[in-house]
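End of the sequence shown = 316 in my numbering, gap-free, step of one.
Certain hints may be false.
[Claimed, not checked] 27 Å max Cα-Cα, derived BS3-like pairs, lysine-lysine: (1) Lys162 to Lys208; (2) Lys315 to Lys123; (3) Lys270 to Lys4; (4) Lys227 to Lys129; (5) Lys123 to Lys199; (6) Lys176 to Lys211; (7) Lys283 to Lys129.
[Unchecked claim] Label pairs and their in silico Cβ distance ranges: (8) Leu82 to Leu131: 43 to 53 Å; (9) Lys88 to Lys123: 50 to 60 Å; (10) Leu131 to Leu173: 28 to 38 Å; (11) Lys268 to Leu192: 43 to 53 Å; (12) Val50 to Lys123: 25 to 35 Å; (13) Lys246 to Gly136: 34 to 44 Å; (14) Lys283 to Lys246: 32 to 42 Å; (15) Lys185 to Trp133: 40 to 50 Å; (16) Gln301 to Thr247: 31 to 41 Å; (17) Tyr288 to Leu131: 39 to 49 Å; (18) Lys246 to Gln117: 50 to 60 Å.
These are computed hints drawn from the structure, not numbers from a lab. Glycine included, C-beta positions come from ideal geometry on N, C-alpha and C.
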Amino acid sequence: MLEKVIFLGTGAGMPTRERNVASLAVILNDSGDFWLFDCGEGTQHRVASVGLKLSRLKAVFITHLHGDHLFGLPGLLATRGLQGVERKIDLFGPIGLENYLDSCFDYSGTYIPYSYQIHQIEKEKFYTKRLLWKNGSDSVYCASLNHHVDCFGYSIFEENIKRNILTDKLLRLGIKPGPIYRKIKEKKQITLEDGRILKTYGFVKESKNIKKICYCSDTLFSENAIKLSKNADLLIHEATFSSNEKTEAEKSFHSTIEDAIKVARRAKVKRLVLTHISPRYHKSEENYHKWNIFKEEATRQYPGIILAEDFLEIKI
């Protein structure tokens, strides 16, 4: 079950005292297994700070190969090896990710003692939303975004089917609770102790529990972001700039607050979180006025909006 997300880095371009560069942890279960989305410089420090264990890291998804989303990955993978972790890990990202990691490890003489599989994403295959990876009950979808290098958005779709025993109906047949109930849950037909054949279809009710998270960074306004986040429980979308700096946003292929809100409304998401916020809006003394303007615009245009901060946790 998707448990929660933890924002490990919510700034854009470079780290500041208030925000580290991009990284998001998605906690998969109460055992602490997790995935990372982006891995900017210093991410492994953030992972340790929130009590996550690299031995529980199952996969990393890189949106694009800009340093503020990537420079932390080689060090994190190396530390994972130094900790004696032997479990395989899956790495996803644009073409060039494999060459980047190979060069880092070759030139630094770094040995990775565990196996890792790099899944390089071809832009031509993801011009629109399609399935990238299936892992148990979780499906990861991917689509290209609108940045000046190859960049991809991701959505996680989890569908858990629960089979509930209709106890009252079984009791009316004289079938009391016990180990037999597990067999009824798992099989289409069973033989009872008295020799009767029971077709279990009418005695089990299925219910679906569906959760969906979407992560989009970096991009101009994108129709693919809408497709990825349709009806999501949580949309995490970059908003590098306030809307009065739209010209600069367009020049750098980034979103404004207004762009992110437009995606959220058209996709009809339940919750919207803004991240990848430019250092000019960080809550330092010299920038506090700009931060207040940024915050006021976001909350006025979209009541209930969340402005991500490092170490923020949101349950799914």
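Taking the hints in turn, this is what the structure says about them:
The suggested pairing of Lys162 with Lys208 holds, with an alpha-carbon distance near 6 Å, which does not exceed 27 Å. Distance restraint check for Lys315 and Lys123: the Cα-Cα separation of roughly 32 Å exceeds the 27 Å cut-off, and the hinted pair is therefore not satisfied. For the hint pairing Lys270 with Lys4, the CA-to-CA distance comes to about 15 Å; that is within 27 Å, so the pair holds. Simply put, Lys227 and Lys129 have alpha-carbon atoms about 7 Å apart, close enough for the 27 Å limit, and the pair holds.
A distance of roughly 49 Å separates the Cα atoms of Lys123 and Lys199; the hinted pair therefore is violated under the 27 Å criterion. For the hint linking Lys176 to Lys211, the alpha-carbon distance of about 34 Å lies beyond 27 Å, and the restraint is violated. A threshold of 27 Å between alpha carbons decides the hint, and for Lys283 with Lys129 the separation of about 36 Å lies outside it, so the pair is violated. Checked against the given bound of 43 to 53 Å, the beta carbons of Leu82 and Leu131, roughly 34 Å apart, lie outside it.
Between Lys88 and Lys123, the C-beta spacing of about 26 Å breaks the proposed range 50 to 60 Å. The supplied range of 28 to 38 Å is broken by Leu131 and Leu173, whose beta-carbon atoms lie about 43 Å from each other. Lys268 and Leu192 have their C-beta atoms about 48 Å apart, which keeps the hinted 43 to 53 Å range intact. Distance hint check: the CB atoms of Val50 and Lys123 are about 33 Å apart, consistent with the given range 25 to 35 Å.
For Lys246 and Gly136, the Cβ-Cβ distance of about 42 Å falls inside the hinted range of 34 to 44 Å, so the restraint holds. Our hint of 32 to 42 Å for Lys283 and Lys246 is violated, since their Cβ atoms are close to 23 Å apart. A hinted range of 40 to 50 Å is violated for the C-beta pair Lys185 and Trp133, which are about 29 Å apart. Against the hinted window of 31 to 41 Å, the Cβ-Cβ separation of Gln301 and Thr247 comes to about 19 Å, which falls outside the hint.
Between Tyr288 and Leu131 the beta carbons are some 44 Å apart, a value that agrees with the proposed interval 39 to 49 Å. Hint check: Lys246 to Gln117, Cβ distance near 40 Å, so the stated range 50 to 60 Å is violated.
Going through the hint list in order, the structure does not satisfy hints 2, 5, 6, 7, 8, 9, 10, 14, 15, 16, 18.
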